[in-house]
Amino acid sequence: MLDINQIRKQFPILSRKVNGHELVYFDNGATTQKPNSVITAESNYYQNENSNVHRGVHFLSGLATDKFEETRITIQNFINAKHSHEIIFTKGTTDSINIVASGYRSLLNKGDEIIISELEHHSNIVPWQMCCEQSGATLKVIPLLDNGTLDITEFGNLLSKNTKLVAISHISNTLGTINPIEKIIKKAKAVGAKVLIDGAQAASHISINMQNLDADFYCFSAHKLYGPTGVGVLYGKEDLLNELPAYQGGGEMIKEVSFKKTTYAGLPHKFEAGTPNIAGVVAFKAAINFITGLGINNIAKYEEGLLQYATEEVLKIEGLKIYGTAKNKSAIISFNIKGLHPYDIGMIVDKMGVAIRTGHHCTQPIMDKFNIPGTARISLAVYNTKDEIDICINAIKKAKMMLS
Amino acid sequence: MLDINQIRKQFPILSRKVNGHELVYFDNGATTQKPNSVITAESNYYQNENSNVHRGVHFLSGLATDKFEETRITIQNFINAKHSHEIIFTKGTTDSINIVASGYRSLLNKGDEIIISELEHHSNIVPWQMCCEQSGATLKVIPLLDNGTLDITEFGNLLSKNTKLVAISHISNTLGTINPIEKIIKKAKAVGAKVLIDGAQAASHISINMQNLDADFYCFSAHKLYGPTGVGVLYGKEDLLNELPAYQGGGEMIKEVSFKKTTYAGLPHKFEAGTPNIAGVVAFKAAINFITGLGINNIAKYEEGLLQYATEEVLKIEGLKIYGTAKNKSAIISFNIKGLHPYDIGMIVDKMGVAIRTGHHCTQPIMDKFNIPGTARISLAVYNTKDEIDICINAIKKAKMMLS
Amino acid sequence: MSTIQKIQAEIIEDFELFDDWMQKYEYLIDLGKELAPIKEKYKTKDNLIKGCQSRVWLHAEHTQGKIIFTADSDAIMTKGIVAILINVLSNQEPKDIATAKLDFINEIGLKEQLSATRANGLVSMIKKMKLYAIAFNN
Amino acid sequence: MSTIQKIQAEIIEDFELFDDWMQKYEYLIDLGKELAPIKEKYKTKDNLIKGCQSRVWLHAEHTQGKIIFTADSDAIMTKGIVAILINVLSNQEPKDIATAKLDFINEIGLKEQLSATRANGLVSMIKKMKLYAIAFNN
Ligand SMILES: Cc1ncc(COP(=O)(O)O)c(C=O)c1O
Ligand SMILES: Cc1ncc(COP(=O)(O)O)c(C=O)c1O
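Residue numbers (our numbering), protein chains in the order written: chain F, 86 to 489; chain A, 86 to 489; chain U, 13 to 150; chain D, 13 to 150.
By construction, these hints were calculated from the structure, which means they are not laboratory data. Backbone N, C-alpha and C fix where the C-beta goes; we use that ideal spot for every residue, glycine too. Wrong hints could be hidden among the right ones.
Residues from chain U that face chain A, not an exhaustive set, calculated with beta carbons under 8 Å [unchecked claim]:
#1 C64
#2 Q65
#3 E124
All chains, full assembly: derive it from the sequences and hints.
Printed below as a string of C-alpha cells:
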C-alpha cells in the first residue's frame with residue numbers, strides 16, 4: 086500500500102494555494118508535478134557537476150557524461166530494452182515521433198500505407214501526414230467506437246501487405262482508453278509492418294516492457310513522468326534505428342566531417358546532434374527512481390481505485406456524460422455537462438483551486454467524432470486523493486449551478 | 086568596472102574542488118556555468134509554477150504561459166528583434182540551424198548555392214550538407230587564411246546570383262575569430278542571398294542587434310549564455326519564418342487538424358511543436374538578466390583584458406603555437422605545443438583542477454586545414470580571473486615538463 | 013470625456029460593487045445570457061474568430077456614421093465579456109473605436125481573460141473590432 | 013593462476029608503489045615511450061581505431077598458437093595504457109585472451125580512462141583484441 090501523504094510531501098507545489106484555495110491538480114495528462122528529488126537533482130547538477138558531455142577529457146566533463154549515461158541505463162532497465170544504445174534522448178514525445186516519421190519519408194514510397202487511429206494526439210497524426218505528403222504513402226485511420234475504443238475488426242481490414250507502419254498510442258490522453266497494443270503489434274507484425282507506440286500517457290501509469298511487447302519504436306516524455314520538461318525518449322530496435330536516416334546534423338552525431346564526405350556516428354549519437362538537455366536528462370533518473378521506488382504496479386492499482394471512485398462520483402452529477410468508457414482504462418475522465426461549455430466549467434472550478442484541462446486536448450478528430458467543441462478532463466496521478474476528487478466534484482457542481 | 090569576486094560568488098560550482106584543487110573552469114566555449122539566479126529560477130518554477138503552457142484555462146497554466154512568454158520578450162529586447170514572434174524557442178543552436186536547413190530543402194533547387202566557411206562548427210556544416218543532398222543545391226566554402234580569418238576576397242568570388250543562402254558563424258569556437266558579419270551580410274544581400282548567423286559563441290560575449298545587423302536568421306544556445314541546457318533560440322525575420330516550411334508536426338503548432346486537411350498555426354507556434362522545455366525557457370530569462378545586469382559591453386571589455394593577458398603569458402611557453410591570431414578576437418585561445426599531443430596536456434592539467442577542452446572542437450575542417458589532430462583550447466567567461474590564468478599556465482608548464 | 017470613456021467608467025463602477033469572484037462571474041454570466049442575439053445568418057465562417065477553446069462570432073454594420081457590432085460566443089463567460097466589449101464599442105464612431113483605450117479591462121480584473129495566450133478568442137475580437145473601425149473610417 | 017592473471021597481479025603491485033597521480037602518470041608516459049614500435053606498414057587504415065581525440069593502431073599476428081599484438085598511439089598517455097594492455101594480452105593463447113577478465117583496470121585506477129565515453133579509443137582496442145582472439149580461436 087502506498088502512503089499517499091508521504092508521497093504528497095515530496096511535491097512542494099501541492100502545498101501551494103491557488104486563488105485562495107489548496108491546489109487540486111488534476112491536469113496530470115498535460116504534465117505532472119515534480120518531486121523534490123527531481124528538482125534537487127537538476128539544481129545539484131548545476132551546482133556541482135555541470136559541463137558539456139562526451140568529448141571532454143577534464144573531470145567535470147567525465148562526471149557530466151557519466152551522469153548523463155547513467156540515465157540511459159536507468160531508462161533501459163525501466164522499459165527493459167535490450168541495449169542501452171536503443172534509448173535516444175529527445176526533446177519529448179513529439180520530437181521522438183517526428184524523428185521516426187521524418188526518417189520514413191525516404192523509406193516509404195507511393196503505394197505504401199501507414200495506419201494510425203482516430204484517437205491519436207496531434208503529435209501522432211501530423212508527423213505522419215507530413216511523412217505521407219513527402220513520400221507519397223497513404224494514411225489510413227482506425228475508426229473509434231462510441232465507447233472510446235478502437236474498432237479492431239476494422240483495423241484487421243485496413244492491414245495489408247502495403248502496410249509499412251502502424252503508429253498507435255498506448256493510452257488515449259483524452260479518453261483514457263488503454264489500447265490493446267499487444268494484439269495490434271501482433272497483427273501488424275503478421276503483415277510485416279513496423280509498429281510505433283506513442284507511450285506519452287502510459288509510461289507513468291502502467292508497466293511497459295520492450296522485450297515482451299516487441300514494439301519497434303516506443304516514445305514518451307519525461308515531463309509526464311514526474312520528470313523535467315524538455316526531455317523525451319525514443320526507444321527503437323537497434324537494427325531499425327540503424328536503418329533510419331539521421332535526423333539532425335551537427336556536433337556529436339558525426340564520425341567524420343569533411344566537405345567531401347561526412348559519416349555519421351553509431352547509436353545512440355547518430356540521433357543526438359548538438360548539446361543535449363544534460364541537466365534534464367540527469368534529473369530524469371530521479372523521476373524514474375521515484376516511480377520504481379513506489380512500484381509501477383502499486384501506482385497502477387492505486388490510480389485504478391481513484392478512477393473508479395471519481396467515475397462513480399462524477400456520474401452522480403445530472404446531465405454529465407463521460408467520453409471514453411472502455412473497460413480497460415487509465416485514470417482519465419473526459420466529460421461534458423448538458424448545455425454547458427467545458428471552458429466555462431474550467432474557468433469556474435479554477436477559482437476554487439481545481440486545475441482541470443478543457444478543450445480538445447490536441448485530439449480534434451475525437452471532438453469531430455463526438456461532434457463536441459471540447460471536453461473537461463480530469464487526469465489523475467499517484468499523489469491525488471479521494472478528498473481531492475470530492476473537492477473537484479463539489480466545484481463542478483457549483484459551476485453547474487452558476488451556469489445553469 | 087565589474088566586481089569579479091562578487092560575480093564569482095553567484096556561481097556555486099566555482100567553489101568546488103576538482104582532484105583536490107580549486108576548479109579552474111576554462112571550458113566556457115563548450116558550456117558556461119550557471120549563476121544562482123538561473124538555478125533558482127528553474128527550481129522555483131517546479132516548486133511553484135509548473136504546468137503545461139498555452140492551452141489551459143486554469144491558474145497555473147496561465148502562470149506558466151506568462152512566464153514562458155516573458156522570456157520571449159526578454160530575448161526580443163536582448164537582441165533587439167522587431168517582433169517577439171520572431172523568437173522561436175528550440176533545443177539549442179544545432180536544432181535552430183537544422184530547422185532552417187531542413188526548411189530550405191524544399192525552397193532550393195539544383196543550381197542554387199549555399200555558402201558556408203571552412204571555420205564552421207559541424208552544426209553549421211552537416212545540416213547544409215544534408216540540405217544540399219536533398220535539394221540538389223551546391224555547397225561552397227569560404228577558405229580560411231593562416232591567421233584564422235576568412236578569405237573575404239574569395240567570398241566575393243563565390244557570391245553570385247545563384248547564391249541563395251550564406252551561413253556563417255559570428256565567432257569561431259575554435260579560433261576565436263570574430264567574423265566580419267556586417268560586411269558579409271551586406272555583400273550577400275547585394276546578390277539577394279539570405280544570411281544565417283550561427284551566434285552560439287557570440288551572444289554571451291558581444292552585443293548583438295538584429296535590427297542593425299539585418300541578418301535573416303540568428304541562432305544561439307542558452308547553455309553557452311549562463312543559462313540552462315536544452316534551450317536555444319532561432320531568430321528569423323517574420324516574412325522568412327512565414328515562408329519557411331513547418332519543421333515538426335504535433336501539438337501547439339497546428340491551427341486545425343483533420344484527416345482531410347491540417348493547417349498550421351502562426352508564428353512562433355508553427356515551429357514549436359510539442360511541450361517545450363518550459364522550466365528551461367523560464368530560467369533562461371534569469372540568465373539574460375544576469376548578462377544585461379552586468380552590461381554586455383562591460384563583459385566584452387573585461388574578457389578582452391583577460392584574453393590579452395592570457396595570450397601574452399601563454400606565448401612565453403616555448404614551442405607553443407596559437408591557432409587563430411585575428412586582430413578581432415573573442416576570449417578563446419587554441420594552441421598546441423611542439424611534439425606534444427593536446428590530449429596528453431588536457432589529461433595532466435585536469436589533475437591540477439584546470440578544465441580545458443582538447444580535440445577538434447567539432448571543427449574537423451579547421452584541423453585538416455592546419456594538419457593537426459586537435460588543439461588544446463582555453464575559452465574564458467566573465468567569472469574567470471588573471472589568477473586562474475596563472476594557475477592554468479603553470480599547469481601547462483608542468484604538463485610540458487612531464488611529457489617532454 | 014468621450015462616450016467610450018464614460019461607458020468604461022460606468023462599467024468600472026459596476027464591478028466595484030462585487031466582493032468576490034463569484035459575484036463577478038455571475039454578473040458576467042448574466043451579461044452573456046442577456047446579450048442581444050446575433051442574426052443566425054451572420055454566424056458565418058468569415059465572422060468566426062477561433063480561440064483554442066471558445067469561439068466568437070462578430071458582425072459589424074456601418075450605419076449613420078456609427079458601427080453597430082453584434083456578436084456571440086459558445087461559452088457563456090466569454091459571451092459575458094463579449095457583451096461588455098459591445099457595450100463599450102458598439103454604436104460608436106469609427107475614429108473613436110479605432111483610437112479607444114480599453115483601460116477598464118485591467119481595472120475590473122479581466123486582464124487575464126484578455127491576454128494573448130488565453131484560449132478564448134477575445135484578443136482577436138478586439139483586434140477585429142478595431143480593424144473594422146479603421147476600414148470604415150477610410 | 014593463469015599467465016594473464018599473473019601479469020595483472022604484477023601490474024597491480026607496480027601501481028601500488030605510487031603515492032599520487034603524478035607518479036602514476038609519469039610511469040604511464042615512460043611505458044608509452046618504451047613501447048616497442050609497431051612496424052610502419054601496419055599503421056594502416058584497417059588497423060586504426062579512432063577515438064574522438066587520440067588514435068590507436070593495433071596489429072595482431074597468430075604464431076605458434078599465440079597472438080602477438082603490436083600497437084601504437086599518437087597520444088603518449090594513451091600509448092602508456094596501450095603498453096599495459098599489450099603486456100597483459102599479447103603472446104597469449106586465443107582462448108585465454110577471449111575469456112580474460114581485465115580486473116586490474118579498476119584496481120590501478122584507470123577505470124575512467126577505459127570508460128566507453130572516453131575519447132581515446134581504448135575501449136574499442138580491448139574489444140578488437142578480443143575479437144581477434146575469437147577469430148583466431150576458430
Ligand atoms: C560556433 C558553434 N556553433 C554551434 C554550436 C552548437 O551548439 P549546441 O551544441 O548548443 O547546439 C556550438 C557549440 O559548441 C558552437 O560553438
Ligand atoms: C498521447 C500523447 N501523445 C503525445 C503527446 C505529446 O507529448 P509532448 O508534448 O511531451 O511532446 C501527448 C502529450 O500531451 C500525449 O498525451
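Original post:
Should the interface hint for E124(U) be scored as holding, given a Cβ-Cβ cut-off of 8 Å against chain A?
Top reply: holds (6 Å)
Original post:
Against chain A, is Q65(U) within 8 Å by beta-carbon distance?
Top reply: holds (7 Å)
Subject >> Agreement of hint C64(U) with chain A interface, Cβ distance less than 8 Å >> reply: Check passed: Cβ of C64(U) comes within 5 Å of chain A, closer than 8 Å.
Violation of the numbered hints given earlier is absent; every hint is satisfied by the structure.
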